[in-house]
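Chemist: Spelled out, the chains give:
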Amino acid sequence: MSFKIAKQNKMKAKYTLLSIAFSLFIATACEKLLPVSPEDSEVLDGTIKDLTTSETAQFLRGDVAFAKVFTANTGLGPLFVSNSCISCHAGDGKGHPSTSLVRFGQNDETGNKFLMLGGPQLQHRAITGFNPENIPSGASHSTFIAPSNTGLGFLEAVSDADILALADPDDKDNDGVSGVPNWIDLPSFLTPKSNAITKNGKYIGRFGRKAGAYNLFNQTVNAYNQDMGIISTYSPNDTYSQEALDPEVNNTEIADVVHYLQTLKAPIQRSVESVEVKAGKELFIKNQCAACHTPSMKTATSPIQGLNNKIFAAYTDLLMHDMGKDLDDNYTEGSAKTFEWRTTPLWGLGLAKDSQGGKVHLMHDGRAKNIEEAILLHGGEAQKSRQKYAALSSKEKQELITFLESL
Amino acid sequence: MMKKHYLLLIFILGLSQNIFAQIDTTLFRRKPISDSAKMNIDAVYSRPFLQVGRTPLGVGGYAELNTNYGITDGVGEGFSFQMRRMTLFLGGSLHQKIKFMSELEFEDGTKEINIEFAALDFQFNNLFNFRGGIIVNPIGAFNQNHDGPKWEFSDRPISATQMLPATFSNVGMGFYGKKYSKTWVFAYEAYLTNGFDETIIDNESSRTSLSAAKANRNRFEESSNGKALFTGKIAIKNRKIGELGLSYMGGIYNKFQDDGFILAPKRSLNVFSIDFNTTIKKTKTSIITEWAWVNVDLPSNYAVQYGSKQMGGFLDIIQPVYKKPIAGFPNSTFNIACRIERVDWNIGKFIETGDKIYDEVFSIMPAISWRPIPSTVVRFNYRIQKQWDLLGNPPSKTGVFHFGVSSYF
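Which chain is which? The protein sequence lines are A and B, in order. Residues in the first sequence are numbered consecutively from 1420, following my numbering. Residues in the second sequence are numbered consecutively from -2, following my numbering.
Rather than coming from a laboratory, the hints here were simulated on the basis of the structure. Note that CB positions come from ideal geometry on N, CA and C, so glycine has one too. Some hints could be false.
What the hints assert, rightly or not - According to the in silico footprint, chain B covers these stretches of chain A (three or more CB under 8 Å from chain B):
| # | segment |
| --- | --- |
| 1 | 1454 to 1462 |
| 2 | 1552 to 1563 |
| 3 | 1660 to 1669 |
| 4 | 1768 to 1776 |
What the hints assert, rightly or not - Reference excerpt, derived from the structure (chain B facing chain A, CB under 7 Å, subset only):
| # | residue |
| --- | --- |
| 5 | A187 |
| 6 | K211 |
| 7 | E219 |
| 8 | I344 |
| 9 | F347 |
| 10 | D386 |
| 11 | G389 |
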C-alpha cells in the first residue's frame, strides 16, 4: 500500500532528504553504535585453530545442540537436574551453585551400593506430576559444581603414557606429591583408544571432578542421561523407571556435541608480559603448585589438525591427589579414594566470574569464594605447597594471584 | 500451505455470504467516537475501514514491513527484510446493535496464520455490551491496541510479547461498556475465556513464559484444564489529563485432574497491569506506558530457570517535530520518539547463594518517524539492548537498526 502512496505524491525531494539523513545517521551510527566483539582472550567460546569448514560446521551444530533446552515434551526428565547443557555450563565456563549436582552412594573402589536407589546421581528436580529424588538414607554424598568446558579436546588428546609419566604413586621423588590415575571400568558403549593403557582391565578416567569419565563422549552420554533425563541408544535406561526407553536424542546430535567440546578453544592467557604475572608464575613453580597443576602438556596425534601434536598449558596433570580431610566428602567414583580429587585445570580461572555470575565459586563444590580461599583449602599432598603459599609476603601472594587471574 | 489458503477463502466467503444474506444495507454506519472520548478499548473498531459497495461490510487491515540489521556482541546475521505481518479486518453489522468483527493475521509471510479476533458484539447500551467468540484478552493496553501503524516502532514491546502474551486470543465471552461524563470517561471489559497450560513453565525459552501458551492451538477447542481464565480491565480517562488502565488476568493454568482423578494441586497464575497514556496539549508530546507483573504458582523445588515472579514494561515518548503540509499530505507529521523498556523474567534470589537472579533485559530505542497520513507510518528505529542471563554474567549487547513501513489499507 505504501507504494501507492509513494506514487501519489511528488515529494521526491523530501524523500531524498530523508534518506540522506538516514544514511548519514546509519553511516556514522553503525560503526559506533553497534556492539563490537569482545577480545578473544576475554571470552571462552570460540574454536581451536585450523578447523576445516566441515569441522567448523559440526562445531556450530554442536553449539546449537549444547544450547538446546529440553522440555517434558521433548524428553526432559521425568527426573532431571537441569534442562540444557548450557544452563549449567554458561558461556562454556565454570558453573554456578544453583546448577550443582549431587552424587551419592559410593565410598570405596568396590562400587556404588545405591544404584538401585537412584545412584550415582541425585535428580532433585522433576517435571510436573513426578516427585524428585531424595538422597537415600545411609548414602554419603558430594556436591559437584560444573567445571569449565574449554580446551577439553586438548586434555582428551593427551596419550595415556604421558599421563602415567606424571604419576608418582610411591612418591619416589620425595616431594610429598604422588598422583595416581583413576582406573575406571569402561562403559559398554565405549571403545578405548588404540594405544590405551590398562590395569586389571580398567582404563584411565580423565573427565569429571573424580575423573570418573573416560572421554568426552562418555561424559556427554552421561550428562544427557543423568543431568537431563535424556535417553540415548548408548545409555537407554531412564533414571526414573530404570527401564530402557526410546532415544530422546539421536547419535548424530551427541557426536556433534562431542565434537563441539573437542574443538572449543583453550582459554587464552592475558597480560602474559606483565612483570607481576611473570613473578607470579615463578612463585607458582617455586611453591610446588606446578607439581600437580602441570604448566605444559602435549597432545598425541589427532585426526583434528588443531589438536594434533600441540603443546598447551592447562595447569593440570589429569591425576588424582589426596587433598586432605577437609575435602573428603566420603564419596568417590572408580578406584579413587574419597579424599582424592582430579587436579582442576587452572586455565580460564581469571574468567570464572564471567560465567559464575560475577563472583567465583571454586573447588569441586564451589565452597571457595576467592582464589586465596581455594589455595588455603589444599591439604593432603598439597599441604606443603599450601604452607609455602601461606608463608609468602602479601606482595608475593598478590603476584601469584595476579598470575592465576591472567590464566 | 494449501490448507491455510483454503482457510482464508472460507473465512472471507463464509463471512460475506452470511452478512450479505441477512443484512439491511443501510445499517452499516459507524458512529465516530470523538477523540477525547476514545480509549484503548475502542481500538477494535477505531480503525480505517473500506465499506464494500453499499453493503454493511467493512474491510480493512494493515501490513508491516521492515529491514533488519542487527549485531549481538560483534556477531550479526547480516541484513534482511522482514514482512512482519499482514492483518485483515472484516467486520459488519447484522443489526444496529449486533456487530461482527474479525481479524486474520499472517505472520512472517504465511509462516503463521491466526484468527486473532472473531467476535460477535451485542450492543445493548453504552454501558452494557456482550461479546462472544475469539477475543484478545485485554491484559495491558498494548494487547487492546496493538495495530502496527499506531506505533512508532517496528518491534512490539518486549514486555508485551515475551512476558505478557501479545495478542493472546482465546475463545470466550464477556461484557464491556463505557460511561461518559463531561470530563471523565470510564470503560470496562470482563471476559471468561479458555486459557493457559503447563507450557508456561516448561518451554524452550527456559523461563516462565505466558506467551508459550500461544503455541497451543487446542485452546480454541477446549480449555486445557476445564477452568476458565478471567480477564478484566477497567480504565478511566480524564479528557484533559489522560487515560489510566488497570487490568487483571488470572486463573488455574495446570491440568490438575483427569477423568475425575486429582493429578496435582491447582496452580494459579495472576497478572496485573497498569497502563497510562496522554498527550501533553502544549507540546503535543505523547506518552504511552505500561507496566505489568506476573505471578505464577510453581511446583515446589521447580527448576530455577522458571521464575514465579516477573515484571516489565515500556515507556514510549513521541514528539511531533514538524507538522506541516508537504506535497499533497496536509497532515504530514515528522516525529522523534524513544522507547525505554525493561523486563525481569525471574524476580528472586538463588537459594544456594542468596544472590539476585537475573534473566533481564533493558533496551532503549530512539526513533524517527514520518506519518504522511495518520494511518501510515514510515519509521526508523535503532535499538540498543543489554540482556543478562540467569546468573547475571556480563550482558550480551545488541544493536539493531530497523527501517520500516506500517500502514492500514
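Chemist: In ascending order, which of the hints set out earlier in this document are inconsistent with the structure?
Modeler: The structure breaks hints 2, 3, 5, 6, 7 and 8; every other hint is satisfied.
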